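Put together the whole structure using the sequences plus the hints.
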Amino acid sequence: MGREDAVVKQVVAKYNNDKTRLMDIITDVQHELGCISDDTIRCIASQLQISSVDVEGVVTFYHFFTKTPRGRYTVYLNNSAVALMKGRTAIAKAFEEAAGCRFGSITSDGTIGLYDTSCIGMNDQEPAAIINGVVFTNLTTQKVKDMVAGMKAGKNVQDMVTEFGDGANQSEFIRSMVKNNIMRKGPVLFAPYEMGSSLKAALSKKPEDVIDEIKLGNLRGRGGAGFPTGMKWDFCRKSEGAKKFVVCNADEGEPGTFKDRVILTEIPHMLFEGMAIAGYAVGASEGILYLRAEYQYMKKYLEKILGDMREKNLLGKNILGKGFDFDIRIQMGAGAYVCGEESALIESAEGRRGEPRNRPPFPVQKGYLGYPTTVNNVETFCCVVRIMLEGGEWFKKMGTAQSAGTKLLSVSGDCSNPGIYEVEFGTTVQTLLEMVGGRTAKAVQIGGPSGTCIGKKDFGRRICYDDLATGGSIIIIGPDRDLFEIVHNFMDFFVEESCGWCVPCRAGNVILKERLEKIMSGKASMKDMEELESWCKIIKSMSRCGLGQTSPNPIYTTIQNFRDLYEAKVRKDVDYVTTFDLMAAVQESCKAAGRIPKVEEH
Amino acid sequence: MSTIQFTIDGKQCTAKPGQTIVEAAKQNGVYIPTLCHFEGLKPAGVCRICTVKVGGRNMAACTTPVADGMVVENKTAELEDYRKAIVEMLFVEGNHMCPTCEKSGNCELQALAYRYMMMVPRFPFLFPKRELDASLPKIVIERNRCVQCLRCVRAITAPDGKRIFGIVKRGGHAKINVDRELAQSMSDELAQKAMDLCPVGSILKKEVGFAVPIGKRKFDTKPIGSDIERA
Numbered sequence: 001m002g003r004e005d006a007v008v009k010q011v012v013a014k015y016n017n018d019k020t021r022l023m024d025i026i027t028d029v030q031h032e033l034g035c036i037s038d039d040t041i042r043c044i045a046s047q048l049q050i051s052s053v054d055v056e057g058v059v060t061f062y063h064f065f066t067k068t069p070r071g072r073y074t075v076y077l078n079n080s081a082v083a084l085m086k087g088r089t090a091i092a093k094a095f096e097e098a099a100g101c102r103f104g105s106i107t108s109d110g111t112i113g114l115y116d117t118s119c120i121g122m123n124d125q126e127p128a129a130i131i132n133g134v135v136f137t138n139l140t141t142q143k144v145k146d147m148v149a150g151m152k153a154g155k156n157v158q159d160m161v162t163e164f165g166d167g168a169n170q171s172e173f174i175r176s177m178v179k180n181n182i183m184r185k186g187p188v189l190f191a192p193y194e195m196g197s198s199l200k201a202a203l204s205k206k207p208e209d210v211i212d213e214i215k216l217g218n219l220r221g222r223g224g225a226g227f228p229t230g231m232k233w234d235f236c237r238k239s240e241g242a243k244k245f246v247v248c249n250a251d252e253g254e255p256g257t258f259k260d261r262v263i264l265t266e267i268p269h270m271l272f273e274g275m276a277i278a279g280y281a282v283g284a285s286e287g288i289l290y291l292r293a294e295y296q297y298m299k300k301y302l303e304k305i306l307g308d309m310r311e312k313n314l315l316g317k318n319i320l321g322k323g324f325d326f327d328i329r330i331q332m333g334a335g336a337y338v339c340g341e342e343s344a345l346i347e348s349a350e351g352r353r354g355e356p357r358n359r360p361p362f363p364v365q366k367g368y369l370g371y372p373t374t375v376n377n378v379e380t381f382c383c384v385v386r387i388m389l390e391g392g393e394w395f396k397k398m399g400t401a402q403s404a405g406t407k408l409l410s411v412s413g414d415c416s417n418p419g420i421y422e423v424e425f426g427t428t429v430q431t432l433l434e435m436v437g438g439r440t441a442k443a444v445q446i447g448g449p450s451g452t453c454i455g456k457k458d459f460g461r462r463i464c465y466d467d468l469a470t471g472g473s474i475i476i477i478g479p480d481r482d483l484f485e486i487v488h489n490f491m492d493f494f495v496e497e498s499c500g501w502c503v504p505c506r507a508g509n510v511i512l513k514e515r516l517e518k519i520m521s522g523k524a525s526m527k528d529m530e531e532l533e534s535w536c537k538i539i540k541s542m543s544r545c546g547l548g549q550t551s552p553n554p555i556y557t558t559i560q561n562f563r564d565l566y567e568a569k570v571r572k573d574v575d576y577v578t579t580f581d582l583m584a585a586v587q588e589s590c591k592a593a594g595r596i597p598k599v600e601e602h
Numbered sequence: 001m002s003t004i005q006f007t008i009d010g011k012q013c014t015a016k017p018g019q020t021i022v023e024a025a026k027q028n029g030v031y032i033p034t035l036c037h038f039e040g041l042k043p044a045g046v047c048r049i050c051t052v053k054v055g056g057r058n059m060a061a062c063t064t065p066v067a068d069g070m071v072v073e074n075k076t077a078e079l080e081d082y083r084k085a086i087v088e089m090l091f092v093e094g095n096h097m098c099p100t101c102e103k104s105g106n107c108e109l110q111a112l113a114y115r116y117m118m119m120v121p122r123f124p125f126l127f128p129k130r131e132l133d134a135s136l137p138k139i140v141i142e143r144n145r146c147v148q149c150l151r152c153v154r155a156i157t158a159p160d161g162k163r164i165f166g167i168v169k170r171g172g173h174a175k176i177n178v179d180r181e182l183a184q185s186m187s188d189e190l191a192q193k194a195m196d197l198c199p200v201g202s203i204l205k206k207e208v209g210f211a212v213p214i215g216k217r218k219f220d221t222k223p224i225g226s227d228i229e230r231a
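Protein chains in written order, with this note's numbering: chain Y, 1 to 602; chain V, 1 to 231.
Everything labelled a hint here was simulated from the structure, so no lab data went into it.
It cannot be assumed that every hint is accurate.
Claimed, not checked - Below, a list of computed lysine to aspartate or glutamate pairs in the DMTMM-like style, where the Cα atoms sit at most 25 Å apart: (1) Y:K540 x V:D9; (2) V:K175 x Y:E531; (3) V:K162 x Y:E208; (4) Y:K540 x V:E80; (5) Y:K537 x V:E78; (6) V:K175 x Y:D38; (7) V:K162 x Y:D24; (8) V:K162 x Y:D325; (9) V:K53 x Y:E531; (10) Y:K527 x V:E80; (11) Y:K9 x V:D160; (12) V:K175 x Y:D116; (13) Y:K67 x V:D68; (14) V:K175 x Y:D581; (15) V:K129 x Y:D492; (16) V:K138 x Y:E350; (17) V:K129 x Y:D581; (18) V:K53 x Y:D581; (19) Y:K238 x V:E78.
What the hints assert, rightly or not - Which residues of chain Y face chain V? A partial, calculated answer using Cβ under 8 Å: (20) S52; (21) D54; (22) N313; (23) G316; (24) N358; (25) P361; (26) A469; (27) N489; (28) D492; (29) E496; (30) E497; (31) S498; (32) G500; (33) R506; (34) R544; (35) G546.
Quick caveat: nothing in here was measured; it's all calculated off a predicted structure.
Cβ atoms here follow ideal geometry from the backbone N, Cα and C, with glycine treated the same way.
Next comes the structure, spelled out in structure tokens:
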């Protein structure tokens with residue numbers, strides 16, 4: 001217990017014995033000790049004066065926390081559908097052969113651990129992996145062999161990065177091989193702008209007028225749900241609270257989206273400025289950037305930008321001499337898709353399991369630490385900055401009546417130019433496909449797994465809140481792909497990422513996946529398919545949060561839009577096919593008895 | 001405003017401000033089926049069996065406060081079917097063997113299955129492997145039967161306020177666990193309280209069994225909800 005005790009004491013003291021900082025405490029302790037064993041859990045619990053099962057609950061909730069060692073080099077290989085399209089299977093095999101252990105385990109000497117992980121936000125440069133926090137993209141089997149040899153030789157992970165991406169990826173504070181792939185710049189996000197100019201404009205107005213300008217621009221949340229930003233801020237401003245918080249949701253976890261990663265890399269000052277404007281508008285002096293663990297590699301750089309902005313008096317006390325105080329801290333996540341849900345994100349930022357809260361109260365009433373809190377998406381804050389400069393009227397001229405402005409799309413899959421595209425709302429899928437070199441697509445997944453899978457007949461539909469809503473993920477599925485494999489990958493994802501709080505999502509997604517597998521195996525009847533469709537409806541309507549309300553969508557929308565594919569898989573000659581495999585069930589006893597079962601008799 | 005007026009399936013009801021739909025319904029003689037809900041505990045909204053329709057949207061009646069003029073749909077054919085589906089999901093998600101269970105007749109899950117006249121679940125059984133923990137001095141935790149209602153998590157605390165039960169892992173792997181040290185020192189009274197709170201046979205007090213014989217148990221003669229429902 002000696003070293004463990006000392007490490008825990010030191011870390012807990014660093015966070016002032018504050019149990020709401022449990023995420024940071026576990027992260028730091030794991031960094032020192034390699035894992036959080038039962039003994040370590042007890043140490044942390046006793047230092048914080050909380051129950052050990054509360055600590056264990058948090059440790060076991062997040063993908064990147066672990067109770068057992070995961071190797072001195074921990075490889076997290078992305079297993080998103082697009083990674084599979086881009087050759088992930090061969091890469092995984094190369095890792096296993098070179099390292100000498102299977103995925104989900106570590107080598108016998110404890111050097112290397114291989115693990116799957118949900119989409120890491122690199123869909124435009126797959127296959128990709130995170131090793132000890134460092135991102136490796138466009139992996140090839142040769143690169144894998146070289147990297148594993150380096151690990152076995154004890155090489156520093158950062159030193160294995162030999163070429164760097166473009167823009168700020170080359171910054172001495174990032175030094176990453178990640179590429180931005182900015183394919184289309186639009187007038188809102190990637191037009192020129194001078195740091196501080198927007199905040200200056202905002203501070204010359206009354207907070208209420210700032211909110212009115214956002215309302216005039218009809219800005220809606222860019223995370224995908226599309227709640228009007230001005231209205232959210234207004235609620236937060238009018239809520240009573242000794243203090244208030246502004247939280248930026250940078251937990252970009254929807255498979256296929258990576259646009260926030262590019263914003264955070266290239267225009268983080270714009271984002272932070274937007275957060276300060278939000279603080280001014282709602283009456284908050286503290287901001288939190290909740291950053292997904294996968295983007296840990298940018299943390300030092302973002303801290304540096306925050307430092308620069310403090311130096312320029314764009315953050316801190318008495319900002320620009322206007323008597324307004326506002327500062328931002330970064331809260332790291334630890335691997336949980338559900339934390340993209342705003343109340344789950346707040347729970348997580350408070351050091352708990354990322355389980356969504358029951359509403360009411362809403363975060364704008366009782367959010368972070370019980371104070372009124374506005375949670376907005378990375379891109380939303382950047383839109384705010386532009387609206388302050390150009391005005392709501394200007395913003396509203398772009399897009400459609402219900403969906404003003406532009407949207408940053410993350411495009412990946414079967415197209416010649418994957419990357420990010422800033423397009424006006426209302427752009428049709430067909431126009432987008434031509435823009436990105438994806439004309440041959442047979443299907444497009446709009447809004448990630450939780451969104452909609454459409455076929456050719458719907459390519460004339462428009463990307464906007466009132467038609468095809470998306471937080472930014474666009475996955476293009478080429479003519480030769482097996483749609484079932486993609487749907488299955490998405491269901492795997494939801495089964496893995498369900499928080500488990502409510503019954504329909506926890507049990508329902510497992511049930512849906514099993515039935516999908518029955519259909520894929522060719523052992524299903526028409527009735528099986530009809531049941532599957534009706535079960536999707538049950539889970540969508542009975543689940544507690546957005547995760548369960550949308551998790552059946554991969555199955556549900558493909559049954560609707562690609563019914564012929566399902567019908568081709570199911571047997572029409574029978575209404576019932578058992579999943580019970582008699583041969584498999586008696587295999588062991590036959591072996592023991594030395595008999596060979598007569599298959600033809602059954 | 002001292003009284004709230006609202007309707008459930010067209011029936012005029014009254015409530016006090018701050019009451020949840022479940023509480024208000026009960027007071028007006030309307031039964032909305034619940035499982036994770038337990039009077040006196042902070043509502044969790046876990047099981048979703050109490051889902052009702054308000055203004056076209058589904059919401060958990062145990063966590064939603066009633067509002068003046070609210071129009072609540074409760075016993076629609078669709079909602080009743082979906083509630084039954086949740087009961088069925090719970091049966092396939094765990095391993096429930098009623099005939100050998102100490103809680104048979106006192107079990108709320110079993111009682112709901114009878115209420116919904118469940119013959120066999122529409123979903124295939126998942127037959128999960130779940131751990132049984134009989135190592136604690138006062139209680140047995142039989143996870144095969146656990147529905148993760150979080151009643152024990154919410155209600156059972158050590159004298160210093162620390163939680164004895166908690167949930168670990170996530171999704172389909174989520175399970176109830178305990179702070180072993182705190183659980184070791186549970187009193188007989190607390191063990192009994194935990195068992196009584198548990199809607200199913202997942203938390204059992206040691207050294208006593210079948211104290212009340214089958215046939216004389218809570219739901220043996222009075223179906224669940226019958227104490228609330230008025231015509």
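Residue hint R506 (chain Y), partner chain V, criterion CB-CB below 8 Å: holds (6 Å)
Please verify whether K162 (chain V) and E208 (chain Y) have alpha carbons no more than 25 Å apart. violated (44 Å)
Holds or violated: K129 (chain V) and D492 (chain Y), Cα atoms, limit 25 Å. Judged against 25 Å, a Cα distance of about 19 Å means the pair holds.
Check the hint pairing K527 (chain Y) with E80 (chain V) against an upper bound of 25 Å on the C-alpha distance. holds (22 Å)
Starting from K162 (chain V), check that the Cα of D24 (chain Y) is at most 25 Å away, please. holds (22 Å)
Restraint check, 8 Å cut-off on beta carbons, for D54 (chain Y) near chain V: holds (5 Å)
Supplied contact hint for S498 (chain Y), tested at 8 Å Cβ to chain V: holds (4 Å)
Once the shortest beta carbon distance from P361 (chain Y) to chain V is found, is it less than 8 Å? At about 10 Å, which exceeds the 8 Å cut-off, the nearest Cβ of chain V leaves the hint on P361 (chain Y) violated.
Going by Cβ atoms only, is E497 (chain Y) closer than 8 Å to chain V? Check passed: Cβ of E497 (chain Y) comes within 7 Å of chain V, closer than 8 Å.
Hint check: is the beta carbon of R544 (chain Y) less than 8 Å from a beta carbon of chain V? Since chain V brings a Cβ to about 6 Å from R544 (chain Y), closer than 8 Å, the hint holds.
Just to be careful: measuring from the Cβ of D492 (chain Y) to every Cβ in chain V, is the smallest value less than 8 Å? For D492 (chain Y), the interface hint is violated, since the closest Cβ of chain V sits about 11 Å away, which is over 8 Å.
Can you verify the interface hint for N313 (chain Y): is its Cβ closer than 8 Å to any Cβ in chain V? violated (43 Å)
When the structure is compared with the earlier hints, violations turn up for hints 2, 3, 8, 13, 14, 16, 18, 19, 22, 23, 25, 26, 27, 28, 35 and for no others.
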